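J.: Respectively, the protein sequence lines represent chains A and B.
Going by my numbering, the first residue of the first sequence is number 1, and it counts up by one from there.
Going by my numbering, the first residue of the second sequence is number 1001, and it counts up by one from there.
You may find that some hints are simply not true.
What the hints assert, rightly or not - To be clear about the criterion: a stretch of chain B counts as covered by chain A if any three or more of its residues have a C-beta under 8 Å from a C-beta of chain A, and this derived list gives those stretches:
#1 1116–1127
#2 1191–1202
#3 1224–1236
#4 1301–1310
The hints are simulated quantities; they were obtained by calculation from the structure and are not laboratory data.
These numbers come from a predicted model, not from an experiment.
The beta carbon of each residue, even a glycine, is placed where N, CA and C say it ideally should be.
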Amino acid sequence: MSYEKRVERLREIVADLEGDGLPLDKALKLFEEGIEILRLASDELTSAEGRVQLLIESAEGVFETREIDV
Amino acid sequence: MRRSYGSRVPRSGVEFDLFGSGSGATPIVAPATPGSSPETAIPVASLTETARAVIEGSFSPLWVRGEVSDFKRHRNGHWYFCLRDASAQVRCVVWSRSQRGIPASPDEGMEVTAFGQLTVYSARGEMHLNVTALDAIGDGLWRKAMEETRMRLDREGLLAPERKRALPSAPTRVGMVTSPDGAALRDVISVIRRRAPHVSLVVSAATVQGPGAPAEIVAAIQRICRFGEIDVLIVGRGGGAREDLWAFNSEAVARAIADSTVPVISGVGHEIDVTIADLIADHRAATPSAAAEAAVPMRSDLLAALRDMSDELCASLAERASRARSDLESGAMALRRAASIDAERRRAAISATAGRLNALSPLATLARGYAVARDPVSRATLASVADFKPGAPFTLTLRDGDVAARVADKP
């Protein structure tokens, strides 16, 4: 799931929790999902190391990315 | 003679010495010299061909300045016009193959400089300038070409503000179409590393200047869109001369940007350079660095937003739990209330039934002073004279108890 999709899902979860008519066990499950998404999103920001890659496409249309040093 | 332009001497291929050997009104020439007498008259083609050779031999290609008039675009693609000033004019032609380096056709009355070879068009016996480069005084033609492209794109609605897509709020992979060894790429990398070191950059390489640049830029945009794994695309290059940035005014590049599968940020040249790519991109940044800043938000801002969301999540669960507790409490109260109402109702029902029972009971009749006679063994009611045998015992039940009795022996 992309970072943006995660954040979007988080907002949905908060909105669902704030809304009416959600059984308590469902609410707890959503909360757990929210915590897990938060953890993944935060990991993505802090532990991922951005790379610089050159995109290469073969004659057969197969893509390859090669690290470049700039 | 104004033959000081250029430096070449006449070509060796000149067939006739038409300029003759003297300056007299009736030069004395040998009878064998072609054109010196009616008998040796030369064909027209020889004349014009010789004139062409002489003129081409005398003039190197050169820049000529004048005003454009009688511009015509022929069906075969060639351009014809006159270059004139107050007292003279020269016919000019731009062959279609020479038009590639010229941004746009000149307008009527436009002050231009034209570079070309002076020659003679034999079929008409006319002198003309064979133009290979043309520029308006100032930026005229470049501006005109850009304006024409802009208008074509605008007519198709491709520049409409509502076509602009929003940039992603937190991309993790940014694409860039540029030259892999240009300054633009280095600038973008340094901005991304500073602002959002978690973000990766994927470069789709293209030559960004020269005649092949537009096609390469188009191919690079299409390639990275097919690759697909990017959130946003930067298209750009560093600063340069107007001609160096020209690929970013190309209509093909504009259309490739419009067709991009992800939002595009343009970052071409310096602040003052506005290109067609800038107009059609979803977001125009003044420079490649500014494009990178627009593409990636600061990581610290994203982390702060995550913390806020974490707070919201916890608060919403706490709120949900407290709502559950109060639901429980009000449920218990309702239950208690319902139970007490039910007991009351039962009590009332019992007393009503008791009342009705009481009304039906013979005991009530006895209470009013009646008595009932019953058989002392079977307790059956003795309701008829025939039930009483002389001398037989029976029981009389009254309001407050039974009395043993006996039938008299004789009536």
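J.: Next, verify each hint and record whether it holds.
T.: Now for the hints, and whether the structure bears them out:
A stretch counts as covered by a chain when three or more of its residues have a beta carbon under 8 Å from one of that chain; for the segment 1116–1127 of chain B and chain A the count is 0, and the coverage is violated. Counting residues of the segment 1191–1202 of chain B whose CB falls under 8 Å from any CB of chain A gives 9; the rule of at least 3 is met. Residue count for the segment 1224–1236 of chain B with a Cβ under 8 Å from a Cβ of chain A: 4. That meets the three needed, and the coverage hint holds. Counting residues of the segment 1301–1310 of chain B whose CB falls under 8 Å from any CB of chain A gives 6; the rule of at least 3 is met.
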